[in-house]
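Trainee: Reassemble the complex: the two chains are provided individually, in unrelated frames, and hints are given to aid placement.
Residue numbers (our numbering), protein chains in the order written: chain Z, 153 to 449; chain V, 31 to 336.
None of these hints come from the bench; they were simulated from the model. Note that CB positions come from ideal geometry on N, CA and C, so glycine has one too. Hints are supplied without guarantee of correctness; some may be wrong.
Unchecked claim - Below, computed lysine-lysine pairings styled on DSS-like, alpha-carbon distance capped at 27 Å:
hint : chain 1 : residue 1 : chain 2 : residue 2
1    : V       : 297       : Z       : 303
2    : Z       : 166       : V       : 245
3    : Z       : 338       : Z       : 275
4    : V       : 297       : Z       : 309
5    : V       : 268       : Z       : 309
6    : Z       : 338       : Z       : 364
7    : Z       : 437       : Z       : 364
8    : V       : 297       : V       : 268
9    : Z       : 364       : Z       : 275
Said to hold, decoys possible - Okay, the calculated beta carbon distance ranges per label pair:
hint : chain 1 : residue 1 : chain 2 : residue 2 : range
10   : V       : 298       : Z       : 223       : 35 to 45 Å
11   : V       : 202       : Z       : 340       : 53 to 63 Å
12   : V       : 234       : Z       : 274       : 31 to 41 Å
13   : V       : 241       : Z       : 425       : 56 to 66 Å
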Amino acid sequence: MKKKNGLSFGEWLKRRWWVIPRELYLWFNIFLMLFPLYFMVLSATKTNSEYYNNAFALPKDLWGTLVENMTMALTGLVGSIQYTSYWRMLFNTVFLALVPLVIMVAAALLAGYAMETRSFRGKGAFTIFLLTIQTVPFFGYIMPLYLFVDKLGLTNKLWGVVPVYVAVALPATIVLMQGFFSSFPKEVEEAAPIDGCGEVKKMIHIIVPMAKGSIAAMAITNFMGYWNEVSISSLMLTDARLRTINIGVLMTNTQTGTMNYAYVFALLVLSAIPNFIFFTIFQKKIIGGISLGAVKG
Amino acid sequence: MRGKIEKRRPHGRWGRRLSPYLYILPATVFMFLFVGIPILMSVYMSFFQIQSVNAQWIFTGFRNFLDVFRRNDFGPAMLRTLVLALFSVATTIGIGLLLANMVARHRWLNFYRYIFYVPTVVSGITMGRLYSMMLMPSRSGLMNSLLCNVFGKESPVNWLGDPKITLYVIMGIGLIGVGGGMTLILFTTVINDIPRELREAAILDGVNGCQMLTKVTVPMIRPVISSWTMLSIIGSFKSFEFIYALTGGGPAGSTRTVAILLYESSKSSTNGYGYSAAMGLLLTLFVSVFSLAYMRISRFGKIDRE
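The shape of chain V in the complex, shown without the other chains (with noise of 0.2 Å):
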């Protein structure tokens, strides 16, 4: 089959004009099948009550939508999203760049890369359980036991159980190794490229460490931090696996993210499925706007600086 190909086209020109469709084929097919074909659905079926599958698709225009909104757990989650999405890049990029900037040039720059990496091979559901087991609220938890026990406090803390500080708990636990996994090796790497005369005029010129940081090395990094942090933000709005790991949505709901709503959401049908659609919708024009906003600032910080 294939010799008789070559023979007929001796310059490829005829089979030259089809392959190119035939090279996307595959990846089109699977792309528009199990994503672009969900997507369309999933405008198309907001618009509808659908109690089941087979049932009747009644019209309800936007109610669905409006639902969405009055749902009294709804604001709330937006809102706990965005405390964290915003905490945890602030302090990633922040502490970050102290962190890199501490790291980039020690003798054992390549040690600090790997071990600040360690934390992210293992899968933030592993981790997030292995969490909420060292919290537990009994005395026999690590972190009660050490409150207890050896500092002598009465009562045990129900960390993942108490709705008012579960939150501010999942904060804590994100400062660990804050700034560091990719962060680090990306900051560390672009710090170091950083020229060697830039560093040493700066150096002559008189500035101290402070200035150093502020004057020079940040500066020269900006578009990768603004890069970063951009990724980091939407990376944040969409993951969900360490904090449902750790509480399943939290004690009464408290550490619901909005990611963490969609997915108990898609499991049940109690508000239809349309219900489920709209409220997909929703949260991805809001990370969709919410990302639109922070690039055009961020675009305007630019402009502004030259």
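Isolated chain Z (complex conformation) (with noise of 0.2 Å):
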């Protein structure tokens, strides 16, 4: 903290200079941070021939330019090529970021609370299971993944990377889940039979309501991770219609031919506007969940 309780410019250089390459170092990598995206967006309201000719000039008609742009984004009408329709991509996007949210959640508050509240045969061969799975990366098993799920017919439909997507997050979520209901107090659930509350009452009315805060920090993150993932996704949906955002993103880049900047541009601050809206809102509880579970872990 720096004051300048009345010391001169010099005097103050001298305790505390170190202060003016640190300021300039924080601004320095802000600027290199932010620029790619300042890029980013005042390419999206060029011209492929404004974007060709001068990458940093700013546009003759800005908001004509955007809208044009946004447009074709939007519909995915490039020129005379149909790509998939942003619109569509978000629509994949966010039944894929939801449904195994919810899914996964459930199947997780369920699993650790009997695994943290309950004795029972077969527990330690579940954690063990629960480990073994987590050691070992994605790409060890992405191979007989497909194949499987191929002979499951679950390739090339939505609903067939519902489940995979509940499987991956599933371990990492349990053990949190775990983490949290060691910390539930006991008397609470042994007040439940004694009022008459059966396990399933138990269940909806006690300790959903007491885990939320948990169960919503697991759910932001996992959300933030299903919504931008793309190996699973991209190697399981060869549909067009059934891209999500991010492999639409992808696709960008195998059109090399002859490249519209101004689409590619466009989709990517389209992209990027979703993942924005989402980090304003829960911005608080993402750097704050953070802080409070790196302390215990």
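Mentor: Right, dumping it as structure tokens:
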């Protein structure tokens, strides 16, 4: 903290000289980090020829070109080629983020609860099972997973990706849930049967409301994970109409022949907007949650 | 239905015996089917030659594994992955510490935490694609435009198309905002948790800034640094989105990391599916061995200090 209590500049310089290079480093970094984003938005407002001529120049007709480019990206109609429309990709991405999330959190909640509050035969085996699954990175079993899923007829269907997404996020989430339940007050739980509450009622009316914080934190992290996921979805979904936003962005790479810069940048902007909206809404929780969870681990 | 059960087990004993299994059932089904079985299948499949799913599975023993080793791009890919992983983790943790130290007691701590997190918000794919646009080899690419038109270089640099420099370009990009994101948040939180008395005592003893950092701050947060380094290394082995979106495996495969190699192999079936399974297993082994080794080393470090 710098306090300039009546110090002259020379004196302040001698005492806290390091502030200057420090601030320079910080702001230089900030500039480097934000510049690509600025460039992305800027280029989305230019026509192809404007972009081609001078990457730095400001566009002649900002809003007009922006609307034009956005329409291209939203409908997916670039010149004469019809790519997947953004709306469809958005729907696919939202679907693949929400549906597995709900199922996964529910399953993890139940499993974590049982693991932490009950003892039963096979509990140890289950723990080992969880640990083993977590140590094998996804790319260790992509191949058989794809074949297996193909045999089940789940490839190229949104619903086919859902169970895979659920399964992949379960182990870590269960462990986190266990962590939460270990600090769960037993008295509340024990009071329930006395008050004449059956298992199911207890779950719904007592445990879930109390776990809301943890559930929310896990939901947010996993939602972002699913939203940004690309390897599983691109492997399993080859139909152009099932593409997620990220796959759509990835696909623009392969059209290197006559690239429509405006389309690419417009699509990039569109792909970044949901992330930013999400981040702005949940930023306090995200950043706060990380620091809380981090200190424990 | 529910009412009946409640009456039948007033103390919940009968119901309790069954219900734990019921609770873990959905999770187990999902994990077993979509992760457990594939892993088992992977081990099994790697010993066979499988040209297509319905064709005969020819038992070939360890040949798939040997074939993977003999690939002339396997060694380089592993090396590359290791280099990238170590470089990115070293810079992230190293510079991340310095950055966190700069920012932890700053007046604008929360602002910096927020703004250094921004690059992480955009998905790796979007960032990678954006950078690949900025680094286009023609004169209209951003970087080249800067170099040629402003600084007067004659010919544009082929940032992402020249196998020799692409890897370094990737590392260079990694230096932007390095140590930010989750690393910054984590470190700043932990640094600020160091008890004030310690710092004040150190100041009384007359330490300067450097010594404060190395002799007070770092030792106090050593466990966090250790575990985060571990997680970062493992994470960077697995990560491939940014690089793939940036270079698609690179000009002439010069940026193929291990994860990209596997991704591509699973999309094509030229060498048979057993081959891809073998590759997956080998790489898994590689990652686990490496992580175990790291854990051993860091544990030795801790024991020595005590």
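Trainee: Hint by hint, note whether the structure agrees.
Mentor: Verification of the hints:
1. V:297 to Z:303: holds, 16 Å
2. Z:166 to V:245: holds, 24 Å
3. Z:338 to Z:275: It holds: about 20 Å lies between the C-alpha atoms, which stays within 27 Å.
4. V:297 to Z:309: OK: residue 297 of chain V and residue 309 of chain Z at ~17 Å, within 27 Å.
5. V:268 to Z:309: holds, 25 Å
6. Z:338 to Z:364: At roughly 17 Å apart (the allowed maximum being 27 Å), residue 364 of chain Z and residue 338 of chain Z satisfy the hint.
7. Z:437 to Z:364: Given that 27 Å is the threshold and the Cα spacing comes to 13 Å, the pair holds.
8. V:297 to V:268: Given that 27 Å is the threshold and the Cα spacing comes to 17 Å, the pair holds.
9. Z:364 to Z:275: Given that 27 Å is the threshold and the Cα spacing comes to 25 Å, the pair holds.
10. V:298 to Z:223: 35 to 45 Å: holds, 36 Å
11. V:202 to Z:340: 53 to 63 Å: holds, 55 Å
12. V:234 to Z:274: 31 to 41 Å: violated, 58 Å
13. V:241 to Z:425: 56 to 66 Å: This hint is violated: roughly 47 Å between Cβ atoms.
This entry does not satisfy hints 12, 13, going by the numbered hints stated previously.
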